[in-house]
Structures are given as C-alpha cells and as structure tokens.
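Engineer: Chain by chain, the residues run as shown.
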Amino acid sequence: MIFTIVNRGKADIALKKAIDLGAMGGTILLGEGTVRSKLLAGLGLTKIEKELLMIHGTREFSEKYHRYVKENIRFYKRNRGIAFSVPFVRWSKDSGLHRKRESYQVMDNNYTCISVIVDRGNAPSVMDAARKEGAHGGTFVHGHGAGVPTDYYFPIVVEPEKDVILLVAAKEKENDIKKAITNELNLQQAGAGVIFSFPVIHASGLFEERFSERRGANHE
Amino acid sequence: MSNFVDKLKEVGQTLLPVVAIVLILNFTLVDVDREIFIRFIVGAILLWVGLAIFLYGVDASMIPIGQHMSKEIATSKSIYAILFLSFILGFLITVAEPDLLILGNQIQDASGGSLNSTIIVWIVSFGVGIMISLGVYNMFKNRPLNKFMAIVYSIILILSFLVSEEFLAISFDASGATTGALTTPFILAISLGLAKVKGGKSSEENAFGLVGVMSSGPILAILLLSILTGQRNIQGTAEEYVFASGIIEPMLNSIKHTFVESITAVLPIGTLFAIYNFKKFKLKKDELITIGIGFIFLIVGLSLFLTGVNSGFMDMGRVIGMQLASLNKWLLVGIAFIIGLIVVLVEPAVHVLGQQIEEVTSGAIPDKVIRTTLSIGVGVAIALSMVRIVVPEVKLWYFLLPGFLTAIILSFKVNPIFVGIAYDAGGVASGPMAATFVLAFAQGAASQIPTANVLVDGFGVIAMVAMTPVLSIMILGMLFKMREVVEAPDSMMLEVSDMLVNEHFSDYDTVLVLIDRGYSEQVIELAREHGASGATILNGRSIDNRHRVRIPLLNMDIATEREVIMFVTKNDISEQVADVLVRHDELIEQGDMAVFVAPSNIVEETFGVFQR
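Respectively, the protein sequence lines represent chains A and B. Heads up: the first sequence is residues 1 to 220, going by the numbering used here. Heads up: the second sequence is residues 1 to 612, going by the numbering used here.
No lab work stands behind these hints, which were simulated from the structure alone. Treat the numbers as computed from the prediction; the structure is a model and nothing was measured. Each hint should be verified, as a subset may be incorrect.
Mimicking BS3-like on lysine-lysine, the simulated pairs with C-alpha atoms at most 27 Å apart in a straight line are [unchecked claim]:
hint, chain 1, residue 1, chain 2, residue 2
1, A, LYS173, B, LYS570
2, B, LYS570, A, LYS47
3, A, LYS132, B, LYS570
4, B, LYS368, A, LYS17
Chain B is nowhere near these chain A residues, computed Cβ spacing over 12 Å in every case [what the hints assert, rightly or not]:
hint, residue
5, GLU71
6, ARG131
7, LYS132
8, GLY134
9, HIS136
10, GLU172
11, LYS173
Every residue gets a Cβ at the ideal spot worked out from N, C-alpha and C, and that includes glycine.
Chain B extracted, bound-state conformation (with noise of 0.2 Å):
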C-alpha cells in the first residue's frame, strides 16, 4: 500500500502547483463563474486519484506486457516476424486512441466533409505501425537514432515546404494525439523490454527513442494525405464554444464517455496479449491476476483522470485564457509560461519516463533534473504560442523549424542516451493535459484577440509543446557533456584500511567487483579464465566524495553509473581472481575499479551449477 501512497504523493506533489495557481488567478485577475470553479476542485481531485490508480494500473499491465511483446518480438527467427509483430503493436495502440479520433472529427469538419475521420485514423495508426517497425528494425542492426530521425525529420521537413501551414501544424497535433495516456507509456515500455532483451554495451540508449519514432509518425502520415488529395486549406472556423453548465451532470457524462474510450484504448492491446498469452507465454496464474488486475486499475484510473480534465480543468482554461487575453497581452504570454512550466508535470507519460531513467540508469540521471528541463521547455513553447497568437506575423514554422534544426545538430554532440530520451520527451510532454487543459487555454486567448484565428492558431499549440522539450532535453545533454571532476584535497586522500575479521569463516568467498558501468564483460572474462564460473550483474550508481563529478553550469554533483559483479567461488579460486584483478591496471584506472572479498558460508546443496 505504501507504494499507493507515494503514487498519491507523487501526482499530488506536480498536481498542487496547478491548483495553487489557478486559485491565485481566481483572486486577483481572472473572474471564473463558480459552477466552473466546482468544477475544477472536484476535477482536480478525481484526477489526483485517478493518475495515481492509473500509473499504478500501467505498473502491474503495460510494463510486464511490453516486457513480454518485446521479448516475443527479439526472439523471433525471422525478420518478416519481427516487423510484422512491431507494426501491429504500433497500429494496435493508434487506432484505439481516444484522442486520435477527436482530432480526426475536427480534421473532418475543417475541410467540409472531403477527409473522413475514420481514414484519418487508419491512416494515422498506419503511419505509427510503420515507423515503429523501422524504429525497432533500425535499434536491432544497431544503427544510431541521431542519424535516424535526422533522416525522418529531413523529409518531414521537405514534405512541409508542400502542404499549408494550417496542415503542418494539424499534421504534429495528429502526433500529440497519438502519444496519449496509454500508447506512451505502453512503447515506453516496449522500448525498454527490447533494450533489456537485447542487452549489451548499448542497452541503456536503446532503452529510449522509440517514442520518438512513433510520433514522426502521425506526422509523415497527414502531410502525404494532404499532399496526395490535394487538400490544402481548412475552412471554416470553430464552432462558438459552449461552456457547461450544472456541476454533477457535466461530470456524469463525461466519467460515462471515458470509461467507454479507456476500456475501447485497452482493448486492442488486451486482445493481442489474451492471444499471445493463450498460444505462447502461458504465465503463471498469480502474474495473470496482476496483469488483470493491473488493467482494472488501468480503466478506472484513466475514466477519472481524463474525467477530471474534461469536465473539471477544460472550462477552467478557457475562461483563463480569455480573461487574459482582453487584460493585457504580455501578461498571458507571462502566465503562459508559467502555466506550462508546472502543467507539464501532471502528464502522465511524463512520470513514467521519468521512472524508466531512474531505472536504467540506476538514478545517476536524477528525475528531478529531467522534470525541471521538461518544465522549462513547455514553458517556453505555451509562451512562444501566445506570441504566436498576440502577433499575428510570426509563423508557426519560425519556431518549428529552428528548433528542430538544433535539435538535430545537438544529437550528433550529446551522450546517446540523452537523444532517445529528448526525442521521447517530445511525444511524452504532448498527453492529455496539453490536449486539453493547454489548448483550452489557447483557444480561449485566441478567441478574444480579433487578429487571431481559434481554428489555426489553436492546431499547432501542441506542435511547440511537441518540439521544446527535444530541444531542451538535447540542451541538458550538453550541459552533462561538460561534466568535469573535481579533485578532493590532498588531506582527504586516506586509503582506508579495512574491516578485517581474523575469523576465518568458510571454505567459500564472495568477490564483488565495483566498477563504471559497460566494463563487465571484461572483468566476466578474466574471473572465467581464472576459474570463477556464474557471476551476477547488478546496476547502480556511485559518488565518489575523493572525485567529484560536477556539471559546472547547474553547480550540481552527479552520480557515475557503475556495475557491481558477485562471484561467488572455493577460495582459492576467489583469491587468485582477485589478485589477478587488482593487477589489471587498466581496469584500475579506465573503470575504477575495486575488489572486495567477504568469507562466505554456502548452501552446498545449492551449488551444484557452480562446481561444473
């Protein structure tokens, strides 16, 4: 249960700043109708308690499904099999996407009837199939994804320079769409499980990007329909919004929607993993129960959390909006900032990502410290959205295209884990909050400036919150590369002497091997050669206080990734190992290694494996 609660501590720790500043606009600028006010506080709670419920739903379901999917898709034998099971996977969790069909309602009614939804969804979901199976093809040859998505964005780029401005930016709206709720999450964790599987030197920079690829995806999709039909320009303009009114009703109608939208988004998923659970994995009934009950968490706490937004937070940023826009320009485009730096948090993607670093790399990237690039890049992008809308010259593309360009010279310059993790970051900050309480909020603005256009200047808000973070997450990259070590003080060198134990304890030892990460395989091989056999692996970080690894420019101290290598073996053999390690001057001073011995008392029983 604790683990609830943190959960409930966690959402409600990114939760209450929004609250916190909503609550302060109500007092001192903004003027909200107090059936709309209800609204948002009983909002905001069914979505604490629904984010939390939900997460811990994608924690029990979608990590060990896609641990499984993925372990499916890297063992198969044959290509054809491995492309074909990554596109079905990628098609599979577009096509249900609640929002994905919302958008193509609206894309459908903007150019009179000539695009239907239903093949804007197909096609969509069909470019996200695509992609995907390139994305893993492309991981699996073992090809960079710098060079990868510079290739997709380079023709992204050039297909723009063919379609209207009002398509380019429906076409990155189609891709905030797409990494929604469920689907980020869900190749989040399929993008993990391939890494694991694969293992080896590169697994943890594989471990991220596929988000990435997926949302070039929807993208790709709409500009070709848009070029092929030769459908150019949107019409007409927004309908005039109508607020709810009442407080319960608006709220009973929307949990009735979404829990049908939730139970039809899991659905897909569900089916094939029901499938190849019959035919192939066949697990254990208790690690089913969990998965099931995994997915009942996952419905509920998807119904309240997107009920909660809906009925709850979409009013409220309309009304923002408006009421900004008519006070005074600059000062939206201020609160706009602001309002992006901490709404962005409340993402649910944005907590799963975050975890899924931490793991891999053992926490030696802080989540912290990727929460606070994310802020600053959504910030930045609701903020340049205003301008956008205030100034009525400045174009959509002249963020779009600069940023884009950055990001891709950056991703040739930064540690590779951190491209994976910018482009994720992407499709990972574009969920349900910018699709909605965001875009409300722009709508909103839009609606009072005269110059601007609800319709246009409304698609595009998600196509920035879509491309800072790439950018600034690219930027963090840098600012890592610049680590330097900061040497301790003479005085502090001591080399410590050791818990000895005259003792002696057994006929066995164990050996632990600490060193910086990607140097295992290595010191697995000489303990071999010397006579160990079995060794585990685990992951972790260190802080070394004799060396200090800083980032000048955050003025803050990271931690190195290490791995720490168990031998356990006779002790002449253990002896022999460890001496012959500590010998190995290159281990010593490239990995800084150490090597500990412990007497060691074994379960003879259990060793069987280990004497042959």
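Extracted from the complex, chain A is given alone in its bound form (with noise of 0.2 Å):
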C-alpha cells in the first residue's frame, strides 16, 4: 500500500498520475499537518490541510511510482508532500495458508512510519513530541471509534473521536520517538493511545532524503 500526503486538493491530481502508471484505483483521506512555528502556533495559525492517498498495488508499482515521484514531483521542495510504501497484503481466500512465517529480518529500508492513535485533539501534542526526538513532521485524520449506546433523552450512539497519526521517521529514531510519544501523553494508561509502526519498503519526499538531494542538486 502506497501513501501518499499531499496538501489538499491535490490527491486527486496525484491518483490520476498513479492510475496512468498502472494503479487500479485508491482512496482518498482528509488529514491535517501542523507547522512547527512557536509564533504561529501562538496565534493559532497552526493546521494546514493535507490529504492522504492510499493505493494498493505490487511491489514493482511501488517502484515504478516513488521513481515517478523523485523524477516529476520534486517533492524535495519545501512542503510538497511525501510518498512511501508499507508492505499491506491484499487478503484474499487462501492468504492464511500462503503466509510466511520466517524469523525478522531487518530489511533493506531506513524508515518506518509509526501511527499513533489518541483521542481527539492530542495530535498535535504527538506531532510536538516526536519533533522533540528528530521526527520531521506527521499528518493525521479524523476518526473514531465504534460506537456505544447512551442513556440521554434521545438514545444517540457515541462515536469517540479520535486522531490517527502517522509519522515517518528514519529507523534509528524509531524507539526514542515512541518513547518520548508514550511518556509525553501517558499511553501506558489503559484507554490514552495506542502506538505502533509498520515497516517502510520505499520513500520519497521525506527530510532526510529531501536535504540529501538538496546537497545534491547544489554540487551540480
């Protein structure tokens, strides 16, 4: 599953592009980032609209579209959005018996996008806390959870709103940052939060990589 975070209104621009390449279809979700600005956060000038896309396909369309992406895009300019893959496999009839079950391996990648879910309004308190530890930035999308019954006048069913943050960083960071995420927000408690990552096979538009290029692009 390729995701890509954009600003918004763009995603649909970025799915026809991946439907040219050979996507068969994706999905289209509508996040939220925050700026790092003290003095804009402040004034409460701090969301910015992103939209995040999901597109299932193989691992040699994986490929295919972070080259398209690193070629065309140029997300190394400031804030133009990032792309990376997360090994998800599509379920099908058969999936449970064709499963490997082989040791951890570390594989041949440096990130990892880690997700956090807390309750409605902590995002940016996440965002801030894995700032603190190295992470660049995150996005994340309203949701909630399933709903419970009440017993007000008219019998509404409460859906608790939450956020879902996903964040990328390098893999070396990845423990500092979930450690600083679960202390800052006390997830040890039953209920706060959940934290967990996937791994990353592939990445483009991400800090790390955007300031590599940079460097790069001025040596030319």
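Need the complex rebuilt from these two chains, each delivered in its own frame; the hints are there to steer you.
Structural biologist: Okay, structure coming up:
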C-alpha cells in the first residue's frame, strides 16, 4: 500500500497519475498537518490541510511510482508532500495458508512508519513530542471509534472521536520517538492511546532525503 | 501560515471575477464617478483581506463553539433542556444580526411607524429560535427533513395568500437578512456538530438542513405579524438616494460603524459560550486562547469585509444598475445574470458550506460542483428579478411558487444529503453580498424604469436569491442520482499481486478494511465476534479505475464514499478476522470490501486496553 501525503486538493492529481502508471484506483482521506513555528502556534494558525492518498499495488508498481514521484514531482521542494510504501497484503481466501512465517529480518530500508491513535485533539501534542526526538512533521486524520449506546434523552450512539497520526521517521530514531510519545501523553494508561509501527519499503520526499537531494543538487 | 495564504488565495479567486466584470463594465458601457471607482477598488481589497481573516476566525472560534454547544444539546437528559438550548441559540444569534435591524428600520419606515423595528427584530428572532428547536427535535426523532420542510413551506404558502405581495417579499427578505455572515456559519457548525454527536448511519445527511429550517423562521414570523396586526400595505417610496462623496471619509465612517456592529453580533454567542465554559465545558487553556484569538479574527475580518462591501460595492452596484437600465433593458437582464453568477461565490457562508460538504463527504461531493450549481441558481435569480423590474406584469410569486413547489417535489426523489444541502443553500446564498451589492444594483435599475417601484421591487430580490439555489441543488441531486458505473475493458482487470515481504516483522498485525460508507458497523461486529477489540474508523473517498462512477449529463467522474476500518491485533486474531471477512460474500459484493494486512510492531505498554 502506497501512502502519499500532499496538500489538500492535490491528491486527485496524484491519483490520476498513479492510474496512468497502472494503479487500479485509490482512496483519499482528508488529513491535517501542523506547522512548527512557535509564533504561529500562539496565534492559533497551526493547521495545514492535507490529503492522504492510499493506493494498493505490487512492489514493482511501488518502485515505478516512487521513481516517477522523485523525477517529476520534486518533493524535495519544501512541503510538497511525501510518499511511502507499507507492505500491506491484500487478503484473499487462501492468504492465511500462504503467509510466510519466517523470522524477523532487518529489511533494506531506513525508515519506519509510526502510527499513533489518541483521543481527538491530542494529535498536535503527539507531533510535538515526536519532533523533539527528531521526527520531521506528521499527518493526522480524524476518525472515530465504534459506537457506544448512551442513556441521554435521545438514544444517541456516541462514537468516541479519535485522531490517527502517521509519522515517517528514520529507523534509528524509532524507539526514542515512540518512548517520547508514550511518556508525553501517558499512553501507558489503559484507553489513552496506542502506538504501533510498520516497515516502510520505499519512501520519497522525506526530510532526510530532501536534504541530501538538495545538497546533491547544489553540488551539480 | 500557509493556511491563511490558502484562504487569501481562495477568496482572491472568487473575488477576481467580480472585480474583472466591474472593470470591464467601467471601461465599456458604464461611466462611473472617479471617487466611486477608487472606493470600489479599495473596498475590494478590504473585502479580500477581511473575508480571509473572517473565514479564519470562523474556523478557530465559531466551529469549535458550535461543536461544544451541539454536544451540550445532544447529551442533555431532558427534552426541555434540548428544546430550550436550541431555542436560545437560534434567538441569540439572530437578535444581534445587524442586517435584521436595518430591515426592521426599513419596515418601520414603510409602515409609517405603526410597526416598531425593535418588535420586528424580536419577533423574527423568536421565530428563528422556535424553528431551530423544532428542526433539532425533528432530527433527533429521525424524521426526514423533506417532509418537515414540505410541511413548513405548505404553511408559508397558505399564509402567503392572506398577505399582500409586499409583505410576502419582506418576509423573504427578513429570512435573507437573518442568514447573515455570522449566523449562517454558526448554525452550519451547530448542524454538523449535532450530526456528529448523534452519529449512526444518517449522520451525513443530518449534517445539513438547519440553516434551511432556520431561514423559514423569519418568513413565518413576518407573515403572522402582517396577518395579526392587519398591516397589509407598505406606504411611501424610497428616499432619494444620495451617493457618498469623498474616498477616505465614507470608509472611515463605515469602519467605525461595522466594528461596533461586528462586536454586537458576536457578543451574545460569546457570552453564552463563556457561561457554559465556566459552568460546564472547562476547556483547556490552549483551546480557549485559540477560540479567543478566533473571535478577534472574526470581529476584525467581519468589520473589514463589511466596510469593503458597504462603502465600496454598494454605490458601484447602484451606478451600474442605473446606467444599464437606462441603456438597454435586455442587456440589463443579461448582465444581471453574469453578476449573479459570480457574486454568490464571494458570500462568506458559501465558503463555509463548501468546506463542510467536503469534510462530511470526504470530498465525494466536490466543492466545485456545489459552487457552480449555486452560481447558476443565483444568476438565474437575479436575471429573473430584473425581468420583474422591467416587465411590471410579472409578479414575484410567478417564480417563487413554482420554484419552491418543484424543489419540494424533487426533495422526495433525491438522496437525503442533497435535501439538507439544498435548503441550506438558500440561506447561504442570501448573505451580505446579496443584501448590498446585488440589492443596490436592483434598486439602481428600478429607479430608472418608470413603471418600477424602487421599494417594492427591491424587496423580493433576496427572496429570489433564497429560492433558486434550493431548486438548483435539488436538480444537482437528481443528476447525481443518474450516476452510472462504467466497467473497464477486460484487459484492465488484472488482479494485482502483492507487495509481499518475506520477513516476518512481529507478533502483531494491522488490518485495514476498505468498504463503502455505511457498512463499518457490520464489519466491526464480525471482527468482535472473532476476537478483535477496539477499531478505528476513518472516512474517505475512493476512485476505482475498474468500475468508474460517472454522471452522464455532467460528463464527470465522481468518487464513492468509503470507510477505512483499522484494527491492531495479534497475528492469530488478525488472520482469523481477515479470513472471516474475505469469505463474507455479501460485504464484498454490496460494499466492495477489500481487506489488507500488514505486520506491525507495537509498543507493548500502550496496548493495555487492547489486550482486555
């Protein structure tokens, strides 16, 4: 599954391109990012509207997509967006039988995707905690938990509001970032939130890469 | 900051065509005084910056307050508390609306003083309060909005036979005045908040409609007032209009005035929120600061916006109307159409509505389509208003009656979400731009046509602007209903193999289920039966190249609304859940479900609740 995070309104363009490259289709979620500036945060101007595009495809497609993105979209320009691939398997009726159960191996990539689910409104604190440990930005999507019936006058079903945060970070920083978020938001408490992470097999537009690409460009 | 720049860009894009058409008219058909021209340019800049700041303020203050207040309404344990709080909100937001006071004064003058403007404002606000609380009750009772609105408009129709045409027009104008720059975004936020708290399958359609319900309040109130007091005719003619002179002075006067108006308009809701925050919400300091700053943005933005509109756009609108009317009557109708087409996009509430539709449908109903539909609606409204001014035989109800009748009939055919959006659209389109620029344009035109009456024909323009968007969005709903699925040729139906990793990553998996909107409850229930706990649901939209959804008449592809359901569980559970789901033929066929699994590394200590 390839995740592409771009500014609001640009996901349709990215999806169209992906379809031209051979994707079957994609799903777009509305997300938000935050800016780092202290001054703007004080003014309440922290929100950046983002879109999160999810495309399913093969490893080969993922390589093709990232190559295209690197060559044409030039994510290394600030805040254009990022793309990364997480090895989600499309489950079919016989997937269970074929699933490889080999021991854990270090994969040939330097990144990990950290995902945090917390109550609505806590996403900015998660990103702040992650930034302190060297993560560069993140995106969150508003979601909700499964409904719980209530005893108010009208029998409404309350759906606890949640934020799902996705952060892509260098692998060596993974544990520090996770620890910082856990402590900052007291996620050890039951129900406060969960953290998990996925392997990332391809990535483009990340801060670290952007930095080296830019440096490369300067050398030319 | 980029968000603010985006807002500037967004507002700029909608304002530019308005400035362009005025400039073109100025260089070709219309000869405008230099002072008015300069004031228009300065006004446009004020409007541009003001509206961007204002919209930012709406995001930062009105929307969160709307959400907190609506939660308070929905989680009441007594029906009286629900009805009372909805009433108070509707009443307070209306009673301070500056446009309504202006209208009240106009009616007071026109009635020769027998109707007092304060009483008019109070009665209209009372009407809004009652309608809001009925609308909220209706929603919580799960009664469909189309029936509710059909009943409301039937009552309006019956009452309208008992009043004069002037009062019919005034009542619709009162409705337009009530759905102002501040009230509409706030009620939209309340509507969205209530729908979110209520949740469930119909939360999407519940998110809209309250503005529509609200705008019927003033109509009913004024019609009843006319019937009960026996006030049938309005007398007198409009005063001789005097153009402001100078450039700086009228603007400075206006800004003082609008600043006070803006504060007055914000005050009641701000106070109510402060009381509730002190007693109940007790929000965190950060959030309060954001809301407070939002209020400042709101007031500053609204003052700048209204100053720009009042001192820059009104005289310009009037001059253009006057000169075009004396030039050629049918040219006037044509240009009125174009002006209507582009002016509506500058209405503040149009931006807010578009944003909410995008949020609620995750972009599946594109903002662009809604705006285009609104544009056409208002273009037609203003063109027809000009026809009414030019041809004295044409009466207001010739358009209003068949228009609303068709809209009501269509409301039983379209998807429920369009019913709410359509009724809201009427209130959203009749905002401050309609009340100033467009109205001045119409009055200017009427002043040059001997058979027209500036006062009578002026009233009624807003009524048209409030009616046509309802109809045009309903028609859009009908077009969306005609959607058809285009299957891709077989050659494209390759099944994609996977992005397999051989490495086994951990003992846990993340399961992602992608399914059409409305099926998540079923999926979660199945997953729970097989050992999963805690799921998170995200809303999105999907485009599938294998079967594209098209609207034939618009020749446009649309996205399907989807839900993404996330579980994080141990391998054995995730595999079992995934196995059960992929064998559920009903969900796969009807909901076009796809299940994905990825190995995940969890942070043990945060998973306490998931283990239990």
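Engineer: All the hints need checking, so say for each whether the structure fits it.
Structural biologist: Here is how each hint holds up against the structure:
1. A:LYS173 with B:LYS570: holds, 25 Å
2. B:LYS570 with A:LYS47: Violated, at about 35 Å.
3. A:LYS132 with B:LYS570: violated, 31 Å
4. B:LYS368 with A:LYS17: holds, 21 Å
5. GLU71: Given a closest Cβ separation of 21 Å, the condition holds.
6. ARG131: The assertion about ARG131 (chain A) holds, with a minimum of 17 Å to chain B.
7. LYS132: holds, 17 Å
8. GLY134: GLY134 (chain A) is indeed farther than 12 Å from all Cβ atoms of chain B, at 17 Å.
9. HIS136: Per Cβ check, HIS136 (chain A) is outside 12 Å of chain B; nearest 16 Å; holds.
10. GLU172: Holds, because the least Cβ-Cβ distance between GLU172 (chain A) and chain B comes to about 14 Å, which exceeds 12 Å.
11. LYS173: holds, 14 Å
Hints 2, 3, counting from the list given before, are not met by this structure.
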